[in-house]
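Peer 1: Build the full structure now, drawing on both the sequences and the hints.
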Amino acid sequence: MRYGMVIDQQKCVGCAGCVFACKAENHTPPEINWCDKIITSSGQFPDVRFEYLSTMCNHCDDAPCVKGCPTQAMHKGEGGLTLHEQEKCIGCKACMENCPYGVISFNWQRPHQEWQENKGLAAGTFTPSVMLAEAGGEGSPLSNPERGGSYPLMRSRGTVEKCNFCDHRLKVGLNPVCVDACPSNARVVGDLDDPNSEVSMLIRKYDGKPLKPELGTGSKVFYIRRYTPENR
Amino acid sequence: MDTKDGWKLSRRQLLLGTGSLALASLFAPKLIMAAMAKAGVVYAPGSGKWVGTTCNGCTSFCAKQVYIQDGRALHIRGNEYSKVHGTASCPRQYLALQELYDPDRVRTPMLRGNPEKGRGIDPQFKSISWEEAIKLMADQFMALREQNETHRYVALRGRYSYLSDLLIKNFTQVMGSPNAITHSALCAEADKLGSFFTEGNWGYRQYDIKDTRYILSFGVDPLSSNRQVSYYCKEWGNTLDRAQVAIVDPRFSASAAKADEWLPVVPGQDAALGLALAHQVMVNGGWHRPFVGDFVDGKNRFIAGSEVEPDSFKEQHTLGLVEWWNLELKDRTPEWAAELCGIKAEQIRRIAVKLADAAPKVQIWRSRGAQMQHRGGYTAIALHALNGLLGSIDQEGGVLKWASVPLGKMPSSKKYVDEVGSHGLKMEKIDRRGRLEYPALKKGKSGGGVVTAAVAESILSEDPYLPEFVLGYFNNFTFSAPGGQQWEKALKKVSFVTHLTTNISEFSYYADLILPAPHFMFERWGIQKTAGNRYTQVSISQPAVKRLGMSVEDECGLPWLLAEELAKRGFENPLNYLKTEFKDPETGREPTSADEVALYATKILTQTFWDPAKYKEGDHLSGWQEFMEKGIWNSKPYAFRKRWSHMKTKSKKFEFYSETLKYALQKHAKKHHTDVDGVMQATGYLARGELAFIPHYETPYRFGDESKFPMLFVDYKSRLNREGRSANTAWYQYNLDIDPGSHKLADAAKLNPLDAQKLGISDGDTIRITSLQGSITCQAALFEGVRPGTVAKAFGQGHWAYGRTASQQFGKTPFGGNNNELLPPVYEQLSGSSAFYGQIGVRVEKV
Numbered sequence: 045m046r047y048g049m050v051i052d053q054q055k056c057v058g059c060a061g062c063v064f065a066c067k068a069e070n071h072t073p074p075e076i077n078w079c080d081k082i083i084t085s086s087g088q089f090p091d092v093r094f095e096y097l098s099t100m101c102n103h104c105d106d107a108p109c110v111k112g113c114p115t116q117a118m119h120k121g122e123g124g125l126t127l128h129e130q131e132k133c134i135g136c137k138a139c140m141e142n143c144p145y146g147v148i149s150f151n152w153q154r155p156h157q158e159w160q161e162n163k164g165l166a167a168g169t170f171t172p173s174v175m176l177a178e179a180g181g182e183g184s185p186l187s188n189p190e191r192g193g194s195y196p197l198m199r200s201r202g203t204v205e206k207c208n209f210c211d212h213r214l215k216v217g218l219n220p221v222c223v224d225a226c227p228s229n230a231r232v233v234g235d236l237d238d239p240n241s242e243v244s245m246l247i248r249k250y251d252g253k254p255l256k257p258e259l260g261t262g263s264k265v266f267y268i269r270r271y272t273p274e275n276r
Numbered sequence: 092m093d094t095k096d097g098w099k100l101s102r103r104q105l106l107l108g109t110g111s112l113a114l115a116s117l118f119a120p121k122l123i124m125a126a127m128a129k130a131g132v133v134y135a136p137g138s139g140k141w142v143g144t145t146c147n148g149c150t151s152f153c154a155k156q157v158y159i160q161d162g163r164a165l166h167i168r169g170n171e172y173s174k175v176h177g178t179a180s181c182p183r184q185y186l187a188l189q190e191l192y193d194p195d196r197v198r199t200p201m202l203r204g205n206p207e208k209g210r211g212i213d214p215q216f217k218s219i220s221w222e223e224a225i226k227l228m229a230d231q232f233m234a235l236r237e238q239n240e241t242h243r244y245v246a247l248r249g250r251y252s253y254l255s256d257l258l259i260k261n262f263t264q265v266m267g268s269p270n271a272i273t274h275s276a277l278c279a280e281a282d283k284l285g286s287f288f289t290e291g292n293w294g295y296r297q298y299d300i301k302d303t304r305y306i307l308s309f310g311v312d313p314l315s316s317n318r319q320v321s322y323y324c325k326e327w328g329n330t331l332d333r334a335q336v337a338i339v340d341p342r343f344s345a346s347a348a349k350a351d352e353w354l355p356v357v358p359g360q361d362a363a364l365g366l367a368l369a370h371q372v373m374v375n376g377g378w379h380r381p382f383v384g385d386f387v388d389g390k391n392r393f394i395a396g397s398e399v400e401p402d403s404f405k406e407q408h409t410l411g412l413v414e415w416w417n418l419e420l421k422d423r424t425p426e427w428a429a430e431l432c433g434i435k436a437e438q439i440r441r442i443a444v445k446l447a448d449a450a451p452k453v454q455i456w457r458s459r460g461a462q463m464q465h466r467g468g469y470t471a472i473a474l475h476a477l478n479g480l481l482g483s484i485d486q487e488g489g490v491l492k493w494a495s496v497p498l499g500k501m502p503s504s505k506k507y508v509d510e511v512g513s514h515g516l517k518m519e520k521i522d523r524r525g526r527l528e529y530p531a532l533k534k535g536k537s538g539g540g541v542v543t544a545a546v547a548e549s550i551l552s553e554d555p556y557l558p559e560f561v562l563g564y565f566n567n568f569t570f571s572a573p574g575g576q577q578w579e580k581a582l583k584k585v586s587f588v589t590h591l592t593t594n595i596s597e598f599s600y601y602a603d604l605i606l607p608a609p610h611f612m613f614e615r616w617g618i619q620k621t622a623g624n625r626y627t628q629v630s631i632s633q634p635a636v637k638r639l640g641m642s643v644e645d646e647c648g649l650p651w652l653l654a655e656e657l658a659k660r661g662f663e664n665p666l667n668y669l670k671t672e673f674k675d676p677e678t679g680r681e682p683t684s685a686d687e688v689a690l691y692a693t694k695i696l697t698q699t700f701w702d703p704a705k706y707k708e709g710d711h712l713s714g715w716q717e718f719m720e721k722g723i724w725n726s727k728p729y730a731f732r733k734r735w736s737h738m739k740t741k742s743k744k745f746e747f748y749s750e751t752l753k754y755a756l757q758k759h760a761k762k763h764h765t766d767v768d769g770v771m772q773a774t775g776y777l778a779r780g781e782l783a784f785i786p787h788y789e790t791p792y793r794f795g796d797e798s799k800f801p802m803l804f805v806d807y808k809s810r811l812n813r814e815g816r817s818a819n820t821a822w823y824q825y826n827l828d829i830d831p832g833s834h835k836l837a838d839a840a841k842l843n844p845l846d847a848q849k850l851g852i853s854d855g856d857t858i859r860i861t862s863l864q865g866s867i868t869c870q871a872a873l874f875e876g877v878r879p880g881t882v883a884k885a886f887g888q889g890h891w892a893y894g895r896t897a898s899q900q901f902g903k904t905p906f907g908g909n910n911n912e913l914l915p916p917v918y919e920q921l922s923g924s925s926a927f928y929g930q931i932g933v934r935v936e937k938v
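Respectively, the protein sequence lines represent chains D and B.
Positions 45 to 276 (the working numbering) are the ones given, in order, by the first sequence.
Positions 92 to 938 (the working numbering) are the ones given, in order, by the second sequence.
Each hint should be verified, as a subset may be incorrect.
[Stated by the list, open to error] Far from chain D by the CB rule (all over 10 Å, computed), these chain B residues: (1) D402; (2) E797; (3) R895.
[Unchecked claim] Chain D stretches covered by chain B per the calculated footprint, using a threshold of three residues with CB under 8 Å from any CB of chain B: (4) 110–117; (5) 162–171; (6) 225–233.
Note that these hints are calculated values from the structure, not bench results.
C-beta atoms are modelled at their ideal positions from N, C-alpha and C, and glycine is treated no differently.
Peer 2: As C-alpha cells, this is what we get:
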C-alpha cells in the first residue's frame with residue numbers, strides 16, 4: 045500500500061478551498077499552510093496566463109527530509125507516508141533544507157499565541173482570551189480535537205511542521221480533508237501500488253507527472269491535465 | 092495595533108528578519124507535553140455531527156452543513172442534500188469560522204459615551220445590559236409617537252435572510268414608518284432591470300453549464316463571485332471539455348484564467364461589444380429561428396446600414412426584432428464597436444460566428460460591472476437581448492430563471508397599524524424613490540424599487556425630512572456604498588443611531604447604541620434561496636452552536652424584545668401582532684420569547700416545504716424534524732420553454748422592442764407631468780424618442796476630466812470576500828494572492844506594467860489613487876492582466892474599523908483604502924441602483 049494523490053489541473057479552479065480545509069483540520073497558524081499553492085502569471089497583455097498549482101508534502105518514497113533528520117522526527121510511516129513526530133523535533137531545519145519542494149514550515153514563534161491577548165477594542169467586545177474561554181478549544185477556538193489524537197494541536201516554537209496526508213483520517217477510512225473539501229473533485233487519493241485504483245488509472249490515462257520528476261525522489265502527488273484550456 | 096504589524100510579516104520577511112533569534116531558541120523547553128496534558132478529550136475523526144445551515148457570505152446563498160465537534164464549528168461543506176451544488180463549496184465559506192470566533196466581535200450592547208462623532212474620535216463605548224438598550228430604543232419610539240412623527244424612524248437593511256422582513260418591514264410598518272430601506276440598490280437592481288424589460292423577470296438567472304457549448308460572460312467571474320459560485324466551481328472544469336468560454340472584463344479574473352478567451356473591454360463599453368455581436372449575428376443570419384422567427388421568404392435582409400421592412404419578418408416568441416435593427420443595430424458594426432470597446436473587429440466577427448454556431452446552447456452572462464453604471468440600464472437590456480436573439484432563453488444549455496418556489500410570506504402586519512402609525516406611513520419614503528429623477532422601476536412600477544444610497548443625500552439635505560432614529564441591521568453603508576464619506580457625514584446628523592452588528596464597523600462608529608448580532612451561519616434562524624443545476628432550493632440557517640456573547644435572534648428576536656417593552660408602556664400592537672400571527676404551526680402555541688418568534692417564523696414561512704398537508708411540489712419531507720435535520724428543500728427540475736410566449740411582459744413575448752419599458756416610462760412620465768424624453772433627461776440618459784424602448788448604445792458618463800484623472804478605475808470582488816465582512820480574518824489576509832495579480836497581506840491595486848513604468852511605480856510601492864470623490868492609499872501590484880489605462884482593485888479592504896486585523900489602527904487608520912471612497916454616489920436611476928462601475932476617472936501616484 046502506497047498512498048498517493050492525483051490533482052486534476054483542469055478541474056482545479058484555484059479557489060484554495062483545500063488550503064482552508066487543511067488549516068481548519070490541522071490547526072495551522074495563519075502564516076503556515078500545509079496545503080499551499082504556487083501561483084504563476086505569465087505572458088503580456090492581452091495574452092495573459094495565470095496558473096494555480098496546489099502543493100503539499102509529496103510523501104516521497106525516497107524522502108530527502110527523512111534522510112537528513114538527525115533525530116528521526118521526520119520518518120516514513122504506514123502506507124508510505126512521510127510523517128513527523130513533534131516531540132522528537134529539535135528544529136534544526138535540515139528537513140527544510142533538504143526538501144526540494146519547500147513544503148515544510150518552521151514555527152518561528154509559538155503558534156496561536158495571539159489568543160492569549162486580553163485587550164479588547166471597546167468595553168463591550170470580546171478579547172481573544174475571552175473568546176477562547178467562552179468558545180473553548182485548545183490554544184484557539186479553531187483547534188480540532190480530532191487532529192489532536194495523533195499530532196499535537198499546539199506545536200512548539202522552534203519546530204517544523206508539514207502535511208501528513210491526514211493520517212488520522214486515513215486510519216478510520218476517511219479521505220484527507222483537502223480531497224473532501226475540493227469543490228471541483230480535482231483531488232483523488234488512493235493506492236499507487238494498485239494498478240486498478242483510480243489514482244493509478246488517472247496517472248496512466250493522462251500521463252500524470254509529479255513535481256520535479258527529474259530528482260527521482262519518488263514523490264507521490266501527481267498532476268494531470270492543464271490549468272489553462274488547451275488552445276490558449 | 093503593534094502586534095498586527097508583526098502578524099503581517101510574510102514568511103520571507105520572517106526568514107530574513109528573525110532567523111538568528113529563532114535559532115537561539117531551538118533548545119528552549121518544549122511546551123508540547125504541557126499542552127498535551129491539558130488537551131482533554133480526543134475525538135475520533137468523523138465522529139462529529141453535520142448540521143444543515145446556510146451561508147450568507149455572498150449572494151450565492153449556498154446551503155451548508157457545518158461540522159460540530161466538541162460544541163464548536165470546525166468545518167463547513169455544501170449541503171449533501173442540495174440538488175444545486177451538493178457538497179461542493181467555495182473558499183470563503185471557511186472564513187465564516189474565523190468570523191464566528193472573531194476575537195473582536197461585539198459581546199454586549201454598548202452605549203456611546205462621547206457625543207462627538209467622527210473617524211479617529213473614540214466613541215467611548217461602554218457596555219450596557221439588553222434591558223437598558225431596549226429601554227433606550229423604546230424611548231425613541233415612544234417619543235416619535237408622541238410627536239406624531241413616526242416616519243422619522245428609518246430601518247436600514249444590509250445582508251439579510253427572508254426572516255428580516257419582520258424586523259425591517261413589518262415591525263417598521265406597525266411602528267408607523269414607511270422607511271423600510273433595503274440594500275438592494277447597492278446589490279443588483281440594474282441587473283434585474285435587464286431581464287425584466289425583455290422577458291418580464293425581475294430576478295436572477297441560472298446558467299445551464301452542464302449542457303452548454305458557449306459561455307460569453309460580461310463582467311461575471313463565476314468562480315469568484317455572483318450567484319452560485321459553488322455550483323460553477325464544481326462543474327467548470329467539466330464544462331471546459333464541452334464548451335468554449337470567453338470572459339469580457341477589463342481585468343483578468345479567476346474565471347478568465349480558466350477560459351479560452353479573455354476580452355479586456357474598455358470599462359463602460361460592454362454595450363458596444365454586445366450590440367456589435369448582435370449586429371453581426373443578424374448579418375450572418377445566425378439568430379435562432381425557432382425562438383425568434385425568420386424572414387417570410389427565408390432570405391436574410393439584415394445588411395449593415397440598411398433598414399428592413401417590418402412585414403418581411405415573422406417573429407415567433409419575440410417582439411420587435413426589426414425595430415431593434417432599424418433603430419439601432421443596423422449601424423452597430425464590429426468596426427464601430429472596436430473603436431469604442433477596444434476589442435478587435437475580427438475578434439467580434441469570430442465570436443459572432445461561434446455564438447450562432449453554438450446557439451441555442453449558448454449563454455450570455457452579465458454582472459454588476461457591465462450594468463451598474465450611470466447609463467448602464469440599457470447595457471443590461473442589450474446584453475440580455477443577445478440571449479433572446481440566440482434563442483438561449485429557457486433552453487437546455489442556455490439561460491434559465493430562478494424558478495419561483497412556494498416560500499411563505501411574513502404574516503401581514505397591516506391591521507396592527509394604529510392612527511399614529513397610519514399618519515406616519517403616508518409620508519414620503521426617505522430614499523426619494525419614484526421622484527422624476529429616481530424612477531426605481533422595480534417590476535415596472537414607478538417608485539417600486541429602492542434607492543438605497545439616496546438616504547444619505549436625504550439626511551444631509553433634510554429632504555424630504557431629517558430622520559431622528561436610524562436602525563442599521565447587517566449593513567455597513569459607510570463602507571459599502573459608493574461615496575461612503577457621505578454616509579459618515581449623514582450619520583453624524585441623526586440624533587439616535589442604533590447598529591445591530593457582529594463587529595464595530597465603520598457604520599457602528601457613528602452609532603449611539605450598538606447591539607450584538609449572532610453570526611448568520613451558526614447562531615440563529617434564517618431562510619435563503621438560490622438556484623443552479625436546473626433546481627431552485629430553499630435552505631435554513633439554524634443555531635448550530637451555543638450563541639457567543641450576549642447576542643439575541645436579530646431579525647425576529649429584536650422585534651419581540653422591543654414589543655414587550657412597548658407593551659409595558661401602553662403600546663401593545665407590536666406584541667399583539669407577534670403573539671397572534673406567529674403561533675407555532677405545529678402546536679398552535681403563542682411565542683413567549685425572542686427565540687420562539689424566530690423558530691415559529693421559520694416554520695411558518697417554510698411550512699409548504701416540510702408539512703405534508705401543505706405539500707405543493709419538489710422534495711417530499713415528512714415534517715419539521717426532517718426539514719430541520721436536512722436544512723434544505725429542493726424544487727422540481729426546471730421546466731424548459733414553458734415561458735415562451737407566456738412571459739410576464741406586456742406582449743407575453745421576449746421583447747427586443749420593450750412595450751413593458753414603454754408602459755413603465757410613460758406611466759412614470761405622466762405622474763410627473765412630463766414625457767419619456769423628460770424622464771430620459773432627468774435620469775441622465777441620452778436616448779430620445781423610440782430609442783428609450785429598445786436596447787441601444789449610450790455613451791458612458793465619465794467621472795472626472797481625462798486631463799486630471801487620466802486612468803479608469805475598475806472595482807471588483809475578491810474571491811475571498813464575504814461581502815465586506817471577511818477582512819478581519821487572518822485566513823483572508825494571508826491568502827489574497829489567489830486573486831490573479833493580487834498580493835497577500837496587502838490591499839493591492841493592479842496596474843499594467845506599461846502604465847507603472849510611465850508613472851515610475853514598481854511592484855509593492857505605496858500608491859495614492861485619487862478621483863473626484865476622494866483619495867485612498869494602497870499597494871501597487873504590477874500585472875499584465877490589467878488593461879493599460881485602467882487600475883483594478885478589489886472591494887473589501889480599506890477598513891479603518893471592523894477589527895484589529897482588518898484595520899491598520901482600529902478606529903483611525905485604514906489598512907489600504909476603501910474603493911467606495913473613490914466612487915461617486917451616483918446611480919443607474921431607472922432601477923435606483925448605485926453605479927459602482929463605468930468610467931470612473933482616477934489619478935495614480937507613487938507616495
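Peer 1: If a hint holds in the structure, say so; if it doesn't, say that too.
Peer 2: Structure-based check of all given hints:
| no. | hint | verdict |
| --- | --- | --- |
| 1 | D402 | holds, 44 Å |
| 2 | E797 | holds, 21 Å |
| 3 | R895 | violated, 7 Å |
| 4 | 110–117 | violated (count 0) |
| 5 | 162–171 | holds (count 8) |
| 6 | 225–233 | holds (count 5) |
Taken one by one, the earlier hints fail for this structure at numbers 3, 4, listed in ascending order.
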